[in-house]
Amino acid sequence: MKANSIDSAAVAGSLAFLFSLFIAAPGLALECSSKDLVVKAVYDNFPGAGYWMQAGGNCRITYTSVGGVSSAMYNICQRQRENISDYIDAFPLPDGDLYTHPGGMGFRFYDIDQGIEKGIRAEATFNDRSFLGNYQSIGTLKESTPQKRHIRVAMGNQAGMIQEYKIEKDAAGKTVIAPVLTRPVPICKNLETGGLDTEIPMISRDGTMISGRNRITRKTEIYKIDMKTAQCSLITTVPVATNKVSFDFANKNIFFTAYDSTTGKKRLASMEISSGKVFHLSGPDEDVQYVTNRQDGSIFYTRANGSGTDLVELAPNAIAEVNNQQKTFEALGLLWADACGNQDVDYDMAFGIGRRLDKSVCESLLKPEAVARLEDEYSQVSMSELQAVCKAAKGNELKGTR
Amino acid sequence: MRIFLVLFIGSVLSLSAESQVQDPYQKNLVDQLKNTPCSNQLREYVGAKLLRQGWVPEMITAPRARAAYGVSLRDTIAQKKYQIWSTKNSAHFAEINLATNQKGITSWDNKSACKASAIQLAQGPFKVLKAGFTDADLKRTLKSHPWGLIYVWTPYMPLSVEGIVKAKEVAKKKGAPITVLMDPAADPKEAQKWVSKKKVDPSEMRKVASVELASRNMNLHYPILFIYKKQFLSNRDFVGFKEVSTYSDWIDMESAQLDKELK
Numbered sequence: 001m002k003a004n005s006i007d008s009a010a011v012a013g014s015l016a017f018l019f020s021l022f023i024a025a026p027g028l029a030l031e032c033s034s035k036d037l038v039v040k041a042v043y044d045n046f047p048g049a050g051y052w053m054q055a056g057g058n059c060r061i062t063y064t065s066v067g068g069v070s071s072a073m074y075n076i077c078q079r080q081r082e083n084i085s086d087y088i089d090a091f092p093l094p095d096g097d098l099y100t101h102p103g104g105m106g107f108r109f110y111d112i113d114q115g116i117e118k119g120i121r122a123e124a125t126f127n128d129r130s131f132l133g134n135y136q137s138i139g140t141l142k143e144s145t146p147q148k149r150h151i152r153v154a155m156g157n158q159a160g161m162i163q164e165y166k167i168e169k170d171a172a173g174k175t176v177i178a179p180v181l182t183r184p185v186p187i188c189k190n191l192e193t194g195g196l197d198t199e200i201p202m203i204s205r206d207g208t209m210i211s212g213r214n215r216i217t218r219k220t221e222i223y224k225i226d227m228k229t230a231q232c233s234l235i236t237t238v239p240v241a242t243n244k245v246s247f248d249f250a251n252k253n254i255f256f257t258a259y260d261s262t263t264g265k266k267r268l269a270s271m272e273i274s275s276g277k278v279f280h281l282s283g284p285d286e287d288v289q290y291v292t293n294r295q296d297g298s299i300f301y302t303r304a305n306g307s308g309t310d311l312v313e314l315a316p317n318a319i320a321e322v323n324n325q326q327k328t329f330e331a332l333g334l335l336w337a338d339a340c341g342n343q344d345v346d347y348d349m350a351f352g353i354g355r356r357l358d359k360s361v362c363e364s365l366l367k368p369e370a371v372a373r374l375e376d377e378y379s380q381v382s383m384s385e386l387q388a389v390c391k392a393a394k395g396n397e398l399k400g401t402r
Numbered sequence: 403m404r405i406f407l408v409l410f411i412g413s414v415l416s417l418s419a420e421s422q423v424q425d426p427y428q429k430n431l432v433d434q435l436k437n438t439p440c441s442n443q444l445r446e447y448v449g450a451k452l453l454r455q456g457w458v459p460e461m462i463t464a465p466r467a468r469a470a471y472g473v474s475l476r477d478t479i480a481q482k483k484y485q486i487w488s489t490k491n492s493a494h495f496a497e498i499n500l501a502t503n504q505k506g507i508t509s510w511d512n513k514s515a516c517k518a519s520a521i522q523l524a525q526g527p528f529k530v531l532k533a534g535f536t537d538a539d540l541k542r543t544l545k546s547h548p549w550g551l552i553y554v555w556t557p558y559m560p561l562s563v564e565g566i567v568k569a570k571e572v573a574k575k576k577g578a579p580i581t582v583l584m585d586p587a588a589d590p591k592e593a594q595k596w597v598s599k600k601k602v603d604p605s606e607m608r609k610v611a612s613v614e615l616a617s618r619n620m621n622l623h624y625p626i627l628f629i630y631k632k633q634f635l636s637n638r639d640f641v642g643f644k645e646v647s648t649y650s651d652w653i654d655m656e657s658a659q660l661d662k663e664l665k
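Order-wise, the sequence lines are chains V and G. Mapping to the working numbering: the first sequence position 233 is 233, numbers consecutive. Take any residue in the second sequence, count from 1 to its spot, add 402: that is its number in the working numbering.
Next up, chain G with everything else stripped away, as it sits in the complex (with noise of 0.2 angstroms):
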């Protein structure tokens, strides 16, 4: 009897001290997904080993539709992108095969009990630009090395100019290869004067033309930097001009927290 109460407190006690430790970023969609219609049906759908990456929220827009915001997961490894958003009746998930644009939409609705509902459709991805670093040129970079960062600076905003300094100080410090490019939205003459000033390399004007970085909030505010890491680039950036120890800090939380998702 002693021995099984022992067993018994000692699992509640280890059940406790899981859950008092549970990844945040698995503890917010787990509690998003909570009030979500269907949402047994959703989870066990879309399986275990997808809820455990990096979601990061997403308006989702379609035609004669209401937007919906939901969460969006981008594997740059499976070469997919997945979505979550709900109404007030149901629940929807979205896988999008990035090589051929093509959409699947499962969706449950609690008016139908749970019942899935499945649709296909082709949805092309937005233009970039035809020239810059391009997404072959990410794949090629992803695979490359085990892992990287990738900044990006617009000579829009000076402290993302300064911060091109502190981002390859960090990457060295943590030998790690950085690749340095443009805002696509930025005047090359901009861009220029910044170079004639002796703050941006000229071989750092390279613009982004990547549908997958671009994809990625990019041009909510410059700088942003992104971590790469066994091919997967995370859906997580850092924006914001940043001192070296908070790059540094920053990149060792961020390949942690990739290292357990990408388990």
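Chain V on its own, in the form it takes in the complex (with noise of 0.2 angstroms):
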């Protein structure tokens, strides 16, 4: 009896000091990387670098190039590359069911379940051969309905030339698509440049806006299209150099890759349209090839990771929302700076790092000590802030199991 009893108390008072382990250190240990921040799924060794993603439904993503092959594409849901036809930059609606090809052969939209199957072999349910060119964008108008879709691409080689075409199924189900414009329409041409550049036109996801960079001052620069004149006028001026942008579903924000000249990483950043705000999103760790979003909200990006590339997911407001709240989340991104021994991080990726930090990392800088430590223009931030941010913080799925 005595030594069942020694044996209990000895176990009672393991799990009391393993419990009294899990009280005093909440959350996981710092990573002092990405894994730090929250990410809804990562896919590891993703093939390709994943230029010019693009993503159709809720499965899929479509990009530039990997294995020889002109277009590729990704099932994030199988995690495992998908066939699909061997021609150039393949483009999907974002519904998912069609995607497109754009080329000297003519703008051909095909059935995804078609170019999974059969490859270069698909046939093209409807090919305008009136609409040449490459690097194409497109935009849903918001007349559209599921069964009527009402499409605006624009050819970002041909300066954002634009066409418009309207889906929908006849009486036995089948896809029909007919172009809506009697021909192609340059646009932008009242610029003071002469138009878009060929590299970078995008256009947004409603089809109202267009995205160029200026050939003088090599700025990107968003325009808002009025199709009666085929006129555009500047919305807003990105203050650097971009590749080619992604418009949010929402059209209120524009995500692209920013370079920075310090360490030659590529920062993930976002664009409020209309306040003309750039925000960075990325970790110091982090170098960022491409961006997308998807129409419910979620954000892709691909980041290099030594050997290869990273695909990365966030989930629909992984990002807090500012809300007048700058320095608390700047504060919060110089805390895991600190904490992490990192002096190189600047205030615009403090931010960043701030708005995406895990909730129990986030909870587990609060030292008194180490907020006190912080340069005097955050001695206005309180700790009873910086608490109800990490309060509303998510948690990231993913720490601890990579």
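What the hints contain is simulated information worked out from the structure, not anything from laboratory work. Using N, Cα and C, we set each Cβ at its ideal position, and we do this for glycine too. It cannot be assumed that every hint is accurate.
Said to hold, decoys possible - Derived EDC-like pairs: lysine to aspartate or glutamate, alpha-carbon spacing no greater than 20 angstroms straight-line:
id : chain 1 : residue 1 : chain 2 : residue 2
1  : G       : Lys591    : V       : Asp44
2  : V       : Lys252    : V       : Asp296
3  : V       : Lys219    : G       : Asp425
4  : G       : Lys599    : V       : Asp86
Stated by the list, open to error - Partial chain G-side listing against chain V, Cβ under 10 angstroms, derived:
id : residue
5  : Pro426
6  : Asn437
7  : Met461
8  : Arg468
9  : Tyr471
10 : Gln481
11 : Gln485
12 : Thr489
13 : Ala588
14 : Asn621
15 : Val641
16 : Phe643
17 : Lys644
Using the hints, put the two standalone chains together into the complex.
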């Protein structure tokens, strides 16, 4: 009996000790990497670099080239590559049932299932031989319904030249596609530079805006398109050179990669179109290659991982809203940097880190002595504000599992 | 009196004509700097010769500071990099010696009557790759020819593969040497697949290891074409797949612009 009591006490004591460790150190240890930031999923060793990614439906991402083929597709639900027709620049419609290829053969629409099954032998559902070019992007006009879609396509290497298509099902359930404009329309010729560039024009998801690089200033600009006059009016200018931007489906923000000349890495960034405010969103160890947005609000980006590429998925609303709390988020990002001994983080990166911190990591950073050591400009940020932000932060589902 | 009037009107007209044909790149920089605090002091310090060059937008970051969105200029002849940026009340000019990695920053603040202040710090370059087309290779290339082209492709963008033949064709038409290089992040196995398809020559799989090239927004988009002239590598690049005629027009325009800027 005595022995059993000692054993029980020993076991109870061990359990209490382990439990106390859990209480004393809530959450998990700092990784001091992007693993401390909230992500929904990471698809390690993603095949290719994910350039020009576009999401089609819930499961599929198309992008340019891997394995010596001209277009590639990745099924994130099954975590594997899928076949797609080997023509350049596959670009799916957001609903994911159709995708397009541009090129000298014409602007072609394909059924996704056919494309996967037959690859290059898939027959185009519709081919517009009068709309040539490459670097296409697609917006869906607001009058569209799931049964009757009206899309607007901008051809990037034709300086954003536009054609529109109506996509419907006939009585037999067959997809019928027809061009809307009598011929493709050149746009933005009213600009001082004579038009958009021929590399990065991207139309917004609702078809009303277009991005392009100003040949003189070399900055990306966002324009409102007036299809009645084919003229464009400037809405805002991104203060740096960017790659092809991705409009979100709310048509309120653009996402892009911006080159950091100090580190040689590219950052994930967004810009609020109405205000022109730029937000940095990636961590110091991330070298972001490309970003795209999905219809449900998810964000996907690829980043170099030393030996290849990871595809990162952020859930809708994974990035905390700013709500006049810039200083609070910056302070959190700097607390993380200080805890990790990283003195190279700048305030813009800290802001992004603060908005993406995992909840348990966030809470573990809130030590009064660490907060007191922050720069004077954060002296007005109270502990209760920091705690409130951490309380609202999301948990990183992947933390501790990778 | 009549002669005076004719001369006066003539000078006014010629001034108007001159302002109308002002270089658009220079005009762009002048317009940007107009709104900069302590603009006069900054412009006087930087000097007209440097301001005449082809500056490009750049995001300038520093530890525990706010990112600035300014302009930069890399000079492969002087082996220097320059940056200009401003905040609400101040303007800054940085000169980086690329050989010694010493960075000197001169600042003017309108809160102190635009009096200049200066600091020196060390700023090493980031690393690209150990092996490949290095800065030494680039230097040799720039010195070896009066002018030429550098084309960078990636196995992950098929149009950059298709564009190699276009770039080489325009180089041949123009009598220019062309150096074809590969994305430093490319997997050689992926590149080899394009070689097997005979779209790429094995000699074109040499990766960019040059900090100078990698510093020019090189990996924002492929393909990317650079032009160099009189040992100066232009800061303006040309991205995207192009037909030969488009490349030809750009080369002519860029070459003429460089002649103006390098005077």
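Hints, one by one, checked against the model:
no. : hint                 : verdict
1   : G:Lys591 to V:Asp44  : 18 angstroms, holds
2   : V:Lys252 to V:Asp296 : 14 angstroms, holds
3   : V:Lys219 to G:Asp425 : 18 angstroms, holds
4   : G:Lys599 to V:Asp86  : 14 angstroms, holds
5   : Pro426               : 5 angstroms, holds
6   : Asn437               : 13 angstroms, violated
7   : Met461               : 5 angstroms, holds
8   : Arg468               : 5 angstroms, holds
9   : Tyr471               : 3 angstroms, holds
10  : Gln481               : 17 angstroms, violated
11  : Gln485               : 8 angstroms, holds
12  : Thr489               : 12 angstroms, violated
13  : Ala588               : 8 angstroms, holds
14  : Asn621               : 7 angstroms, holds
15  : Val641               : 5 angstroms, holds
16  : Phe643               : 7 angstroms, holds
17  : Lys644               : 8 angstroms, holds
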